[in-house]
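Sequences are here, hints too, so could you generate the full structure?
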Amino acid sequence: MYHTIMVPVDLAHLELLEPSLATVADLARHYDAEVCYVGVTATTPGSVARTPEEYRQKLETFAQERAKVHGQPVRTHLVTSPDPIADLDDLLIEAVDDVDADLVVMPTHPPKHLDVLIPSHGGKVATHTDVSVFLVRPAKQQ
Numbered sequence: 001m002y003h004t005i006m007v008p009v010d011l012a013h014l015e016l017l018e019p020s021l022a023t024v025a026d027l028a029r030h031y032d033a034e035v036c037y038v039g040v041t042a043t044t045p046g047s048v049a050r051t052p053e054e055y056r057q058k059l060e061t062f063a064q065e066r067a068k069v070h071g072q073p074v075r076t077h078l079v080t081s082p083d084p085i086a087d088l089d090d091l092l093i094e095a096v097d098d099v100d101a102d103l104v105v106m107p108t109h110p111p112k113h114l115d116v117l118i119p120s121h122g123g124k125v126a127t128h129t130d131v132s133v134f135l136v137r138p139a140k141q142q
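Here the sequence shown stands for residues 1 to 142, numbered as in my numbering.
Everything labelled a hint here was simulated from the structure, so no lab data went into it. Worth double-checking, as some hints may not be accurate.
[What the hints assert, rightly or not] Pairwise CB distance ranges (calculated): (1) Glu53 / Asp130: 30 to 36 Å; (2) His3 / Thr44: 32 to 38 Å; (3) Thr127 / Glu65: 28 to 34 Å; (4) Gly71 / Thr51: 27 to 33 Å; (5) Glu94 / Gln57: 18 to 24 Å.
Since the structure is predicted, the reported quantities are computational estimates derived from the model, not experimental observations. Backbone N, C-alpha and C define an ideal beta-carbon position, used for all residues, glycine too.
Right, dumping it as structure tokens:
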């Protein structure tokens, strides 16, 4: 059913991605799908890497480590932007076509009142693409 699963990743906040990464691993194994990890970085030095090329190398290392977890083929797709925060939604929407994804798996937060003014990234990707989008919320605190 799914051949390419796109997973947006923020290398600066990997701990927040764990629930969605576990979901991706299960789905990739189940559907025998390739996983494409998409990273968006600035064209200027940042907290993760000083250059886009250094970010690309770190993204590739991350993807290869994840492949050891789920055993499925992986690839990476790097997108650079002068202002990744402002451009993120549009860049992710473009990446869906660029990587030929048929499923996007990404983390999201529980609904908040501010979502009316500032919609979630996942919500915008879901409403502006024609592929399935699986939004993974963090586990509830017990």
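Each hint, compared with the structure:
1. Glu53 / Asp130: 30 to 36 Å: 32 Å, holds
2. His3 / Thr44: 32 to 38 Å: 35 Å, holds
3. Thr127 / Glu65: 28 to 34 Å: 32 Å, holds
4. Gly71 / Thr51: 27 to 33 Å: At roughly 31 Å between Cβ atoms, threonine 51 and glycine 71 fall inside 27 to 33 Å, so the hint holds.
5. Glu94 / Gln57: 18 to 24 Å: 23 Å, holds
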